[in-house]
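Take 1 as the starting number for the sequence shown in our numbering and just add one per residue.
To be clear, the hints were calculated from the coordinates, so they are not data collected in a lab. Heads up, some of the hints might be wrong.
Unchecked claim - Just the calculated beta-carbon pair ranges, DEER-fashion:
# : residue 1 : residue 2 : range
1 : V162      : E82       : 28 to 36 Å
2 : P171      : L356      : 27 to 35 Å
3 : G204      : A169      : 36 to 44 Å
4 : L386      : A305      : 46 to 54 Å
Said to hold, decoys possible - Listed next, the in silico SDA-like pairs over lysine to any residue satisfying Cα-Cα at most 20 Å (straight line):
#  : residue 1 : residue 2
5  : K234      : L172
6  : K147      : V136
7  : K55       : A19
8  : K55       : I166
9  : K55       : G369
10 : K234      : L312
11 : K55       : R110
12 : K234      : G21
13 : K234      : V300
14 : K147      : G237
15 : K234      : S292
16 : K55       : K234
17 : K234      : R110
18 : K147      : L77
19 : K55       : A108
20 : K234      : I166
21 : K147      : Q20
22 : K147      : T25
23 : K234      : G369
24 : K147      : K55
25 : K55       : L172
Just so it is clear, CB atoms sit at the ideal spot from N, CA and C, and this is done for glycine as well.
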Amino acid sequence: MSEFGSAASAAGLATLWAAQGAPATELALVLAIPALPALVLAPVLGSLMEGARLKRALLFINVLLGLTSLGAAGAFLLPQREAVLALTGIFVLKALCQSAFNGAYNRAFRLLAPGGGVDGRAVSLQTLSNRLGTAVGAGLGAVIALKAGSAVFIVDAATFGVATLIVAALPLGSGAPALPPGGPRLAPRAVFRDVAVAIRYVLGSSRLSRVFALYAPMTLVWAAWDILGAYLLKEAGAPEAFGLVVIAAQVGEIAVATGLAAINARFTVALVLAATLLLALGTGLSGAVVMSLSHQFLGVAGTLALVVAFRLVTGAAANVSGGGVYALLVYAAPTALTSRLTALVESLGIGAMYALAKLGVGTLGDAVGSSTTFMVAGTLATALGLGLSVLEFRARQWEIAVLRLHAEVYLSLRMGGLEGAAFRYLLAQTT
């Protein structure tokens, strides 16, 4: 329910902002600023949730999230400048509440799910339900925003009301604190210390540095869709289709979510680079297709169909590139550095870089239009991705040569001439 409501309000906000012709820079401020305090305080809030009574904490947070959604609906009654300030403050509070909710929800999931929350089927069901909630919520949110305006936030508040009733019925027992009273708490300065340690670890490896650098092109194209997606659809003559485009992205992510875990780790970097390039190209082409409307190359229906198709592919590519980077940086790290690299990825990658990208594309969108901004973001991201691909290819030349020789040996076994291939293989191993 919470994923449904949050997706409905996010899609509704973007659709409503674009429909009113409000500046994209203001939308970027509303969506970018709340991420920074929320990410810095997320470990502190998570620690507090470990020490709180579970059911009481979940009930309180859901009620508070519902009230913030009602506040967002009321903010649209204010003049534009005051509305921006009010919405920014409301979304800061909402982001902090969401961070606390995530910590409490994870505790509840571990308590209720089979195997302490690590059962594969339970995790898969949770992921699927989250994706479906996001897809359906975004689709309905865009339509509700166009038909009923800020009432989309009332729908969001209602979902938190339903979630409160669900929490009240859950068998969470006494919900005793997971940490004893007076136990250790994570100070905010610890977050910065952990990030500094993680930065030194990443900079010590050229491969990890390139992997982390992939966040730059990824944040550009993610921000283009988040901030200017509704503007692009309005420019294409189908503003109500923004929800459909978000659904396409979710379908693309679901389609590859299960297959990504089965990929051999040695090919992950190459796969991430390829997915990043595909993500960037699809974004740039979406802008080019919409711009072609002004020259009557395609009708509205044909343009919309291509944009939805591009979003389906870019959604799948975003899952591969983002999930692959996270896996290489966090899951493959030494156990002692896992939490520190998580803090690095979330604070600098998802937080600061993503917030700056949102502000950048919002400002550029107001200056040159959404379709042109999509093309600029896609081109820039493609150039960055190609540059990183070249660096990775040069660094992996020896491994590529060995793989090629393995292929030659295999073909020689199938077609004869094993002696020559084996000689070249042994020669390469000794030089």
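Taking the earlier hints as the rules, which of them does this structure contradict?
2, 3, 4, 5, 7, 9, 16, 17, 20, 22, 24
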